[in-house]
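Okay, here's what each chain looks like letter by letter:
Number of protein chains: 4
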Amino acid sequence: MADLKTARHELVMANRILFNEGIVDAFGHVSVRHPDHPDRYIMARARAPELVEDADLIEFQLDGTPLDAAGRVPYLERFIHGAMYEQRPDVMSVCHNHTVSILPFSISKSVRLRPVIHTASVLGGEVPVWDIADEFGSDTNLLVINMEQGRSLARVVGQGRLALMRGHGSVVVAADIPGVVAACMAMDKNARVQFQALQLGEFIPLSAGELRRRPVAASGQPPLPDRAWEALTRRAGFH
Amino acid sequence: MADLKTARHELVMANRILFNEGIVDAFGHVSVRHPDHPDRYIMARARAPELVEDADLIEFQLDGTPLDAAGRVPYLERFIHGAMYEQRPDVMSVCHNHTVSILPFSISKSVRLRPVIHTASVLGGEVPVWDIADEFGSDTNLLVINMEQGRSLARVVGQGRLALMRGHGSVVVAADIPGVVAACMAMDKNARVQFQALQLGEFIPLSAGELRRRPVAASGQPPLPDRAWEALTRRAGFH
Amino acid sequence: MADLKTARHELVMANRILFNEGIVDAFGHVSVRHPDHPDRYIMARARAPELVEDADLIEFQLDGTPLDAAGRVPYLERFIHGAMYEQRPDVMSVCHNHTVSILPFSISKSVRLRPVIHTASVLGGEVPVWDIADEFGSDTNLLVINMEQGRSLARVVGQGRLALMRGHGSVVVAADIPGVVAACMAMDKNARVQFQALQLGEFIPLSAGELRRRPVAASGQPPLPDRAWEALTRRAGFH
Amino acid sequence: MADLKTARHELVMANRILFNEGIVDAFGHVSVRHPDHPDRYIMARARAPELVEDADLIEFQLDGTPLDAAGRVPYLERFIHGAMYEQRPDVMSVCHNHTVSILPFSISKSVRLRPVIHTASVLGGEVPVWDIADEFGSDTNLLVINMEQGRSLARVVGQGRLALMRGHGSVVVAADIPGVVAACMAMDKNARVQFQALQLGEFIPLSAGELRRRPVAASGQPPLPDRAWEALTRRAGFH
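Protein chains in written order, with this note's numbering: chain A, 165 to 403; chain B, 165 to 403; chain C, 165 to 403; chain D, 165 to 403.
Hint data in this document are derived by calculation from the structure and do not stem from the laboratory.
Please read these numbers as outputs of a predicted model, since none were measured by experiment.
The beta carbon of each residue, even a glycine, is placed where N, CA and C say it ideally should be.
Take the hints with a grain of salt, since some may be wrong.
[Said to hold, decoys possible] Simulated pairs of lysine-lysine, BS3-like, Cα-Cα distance not exceeding 25 Å:
hint: 1; chain 1: D; residue 1: LYS273; chain 2: C; residue 2: LYS273
hint: 2; chain 1: A; residue 1: LYS353; chain 2: D; residue 2: LYS169
hint: 3; chain 1: A; residue 1: LYS353; chain 2: A; residue 2: LYS273
hint: 4; chain 1: C; residue 1: LYS273; chain 2: B; residue 2: LYS353
hint: 5; chain 1: D; residue 1: LYS273; chain 2: A; residue 2: LYS273
hint: 6; chain 1: C; residue 1: LYS353; chain 2: B; residue 2: LYS273
hint: 7; chain 1: B; residue 1: LYS273; chain 2: B; residue 2: LYS353
hint: 8; chain 1: A; residue 1: LYS273; chain 2: B; residue 2: LYS353
hint: 9; chain 1: C; residue 1: LYS353; chain 2: C; residue 2: LYS273
hint: 10; chain 1: C; residue 1: LYS169; chain 2: B; residue 2: LYS273
hint: 11; chain 1: D; residue 1: LYS353; chain 2: D; residue 2: LYS273
[Unchecked claim] Computed Cβ-Cβ distance ranges for the label pairs, DEER-style:
hint: 12; chain 1: C; residue 1: ALA234; chain 2: D; residue 2: SER274; range: 47 to 57 Å
hint: 13; chain 1: B; residue 1: ALA372; chain 2: A; residue 2: LYS273; range: 12 to 22 Å
hint: 14; chain 1: B; residue 1: ARG398; chain 2: D; residue 2: GLN225; range: 44 to 54 Å
Generate coordinates for the entire structure from the input sequences, incorporating the hints supplied.
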């Protein structure tokens, strides 16, 4: 993760890309841990990702307290992000989304989302589902509105890449912003493929060994974010 | 609901947004109750929503009689709107659409559309289906062409948010224009998710308690329309 | 059907609209019977519909002989059109397409496409399937390459609105160009809805009485083509 | 296959077309055999196809050694291409893609992709699946990273048009660039149709005789690439 200016710029681009690629709609959000202050994260004020600009970015303490709100209203569910940064020192970027393709898996009683395509090895394995009702009862509006709920969700993510949120969406984490965008896109594509494969009958998922690998060369830069990131930023209108 | 000028402007924007978001195609319509005259509503002349402009708007009595047609031809099915305003003093905006995702649920003999995602709590519960043939026989063209048919449909909506119309589409109501747009989009997204969840087997719908909640903060403005409305109006080309 | 200039202009627009609306891709074609010479029809030279201009239009005898080819190569499958005009004096426009949504119905051994939504009453009833192998053996490339094959297909259309062509596409006919475009779009939407309804279980199709009706007022102009045609032509870039 | 300048231009266009038509995303690649040197092929450096320009093109030996890399990084999986050119003197163009529609078929234990629509006769018959684990174990990242793996895949393609790669994508070959683009698009459309047809029950696939035919006239130019190629190049922004 480079300097603050780069982090803020990547975050603005990620907002637009995630909308452009159908991962988020008017709702959903993405954040980055402050490159100089690991006890802070940066995220837009409550605005649709497709409209986010640098002037919308707010710095938060991990408990969700805004440090420079200046009248701007934060996302209600920012606690999803703070709790992940709190639990996972390795995580530098978090995305909360309501991607359509994973929602059926979030409410299914019998089928779990699991990696079946090579780019989805980053998902790590069978994807856990966090049901807010398990700890907080069946009378909520499903939103994560405080740190207690955020930490409950973070425990289900554990040391993994993501968790689904029953009837709501998902939270995805990564070591950098391009990585969280790539993971969200892999999650979405995998869900579409797995859903169709289930209609065809039995299928071959990624093996334990394949799950440990990443689709990169044995040595050298991981091609996944670079080649895609250049294309995604261009598609979203950035040079 | 603000003044007449705002209501008319929001109505024009809603027409474009509903088309842009795939809720309506060349057919379908949206109206608003007159902010100053609860015994009137405002809707475009018979024109595809994507083309509606302020000059297309006509004021109607609740029984569908145009007050200022000036040669402009009204929608044949305006009675859907008038009957809802007549039966529901709380309703300030109505949308009739033929959204593809809900049509299979409108003709299914065994499956009812029901809220499974958090934004669809606004749908209230299992969605009723109005079959025109029940009261008007099996020899109609399925269109609601008079107040008698409109009132029959309104009775099935009852105190709820919407009803499906067998083999035809849906009618959706709300307390304001952004609310009716949000409800239509939630209906559409929920239908897509529920359809796929059904392919996976048993699933967890929203609980009774979750249905009563709205995905907003315990206190403060409902984030649903605002954040989305800003994005939706921009996508449709309005500043 | 108006004068020749109007017919040619509508035909050019229909080509662009059918592509814009996903009915045809680089293949597929639409024609119009010559308004002054019922023993001729007009269709583009072999060019993707999205690119067709007035200069591409060729006049044909019903047997497919071009009258003014001037070096332009006609569509190989023009015999689909000529045979329909020959058999059906009431038909003034024909479209041959490979629309994805109807192809599964064209090869299904057990399920027939049938009207389930109100705009699809124009399809008339259960849609017949023409299998070229029935008369011409299992060694063809499925294309209709002469009048004998065109007439075989036309017999299956009979007095109806359309027929599917096994593993290939469909032929759709109407009394004018806006009508053939509307029928193609209704066919496509109906197929999408019926396909999903089948996944849900038993469903309610349009009744015999509903099939006879059109979604228009009891008296007055059919709203279906007008409102849609204005929108469709605009979407395709025409004023 | 014409001269080098034409081949390079067609290759650049193919990159953009394949992205535009949804065959490839930021990953996937297409190459052409050098028209003057059958022991070389030309392909872009590791860049998303939608961005490829002539300056990105590199010439390779069939074993994947770049001849004029000049600091540009090649695709890791170029061995897919070299192995095909090596095994198949008739092949002049190769595409590797991760097209979503075929991925479920690549992991299905019971269902094989097979031609059901007329444009897919070019696929030749039931499409074989290459599973990297068969020869290289269950501990790979599924990528083809050397000639040994490339040749293993090429053996499964054999004398055919394509093979699926389990959990990964496909490799498609043709006698020229427009042909490989057309084959990829036919593969994609066929997969969508076959998938839906399977949901409906039993279906009629192309017969053995129909598989041998191509949807062209008995004599004359194959219409498939020409009419489509003109449209596809225009859609991708080329005159």
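So, going through the hints one by one against the coordinates:
1. D:LYS273 / C:LYS273: 24 Å, holds
2. A:LYS353 / D:LYS169: Roughly 37 Å between the alpha carbons, so the hint for A:LYS353 and D:LYS169 is violated.
3. A:LYS353 / A:LYS273: Cα-Cα ~21 Å, so holds.
4. C:LYS273 / B:LYS353: Violated, at about 32 Å.
5. D:LYS273 / A:LYS273: 23 Å, holds
6. C:LYS353 / B:LYS273: 20 Å, holds
7. B:LYS273 / B:LYS353: Distance of about 21 Å is within 25 Å: holds.
8. A:LYS273 / B:LYS353: Holds, at about 20 Å.
9. C:LYS353 / C:LYS273: 21 Å, holds
10. C:LYS169 / B:LYS273: 49 Å, violated
11. D:LYS353 / D:LYS273: Holds - the C-alpha atoms of D:LYS273 and D:LYS353 are around 21 Å apart, at most 25 Å.
12. C:ALA234 / D:SER274: 47 to 57 Å: 54 Å, holds
13. B:ALA372 / A:LYS273: 12 to 22 Å: The hint (12 to 22 Å, Cβ to Cβ) holds, given that B:ALA372 and A:LYS273 are roughly 18 Å apart.
14. B:ARG398 / D:GLN225: 44 to 54 Å: 52 Å, holds
Going down the numbered hints, you'll see the structure goes against 2, 4 and 10, while the others check out.
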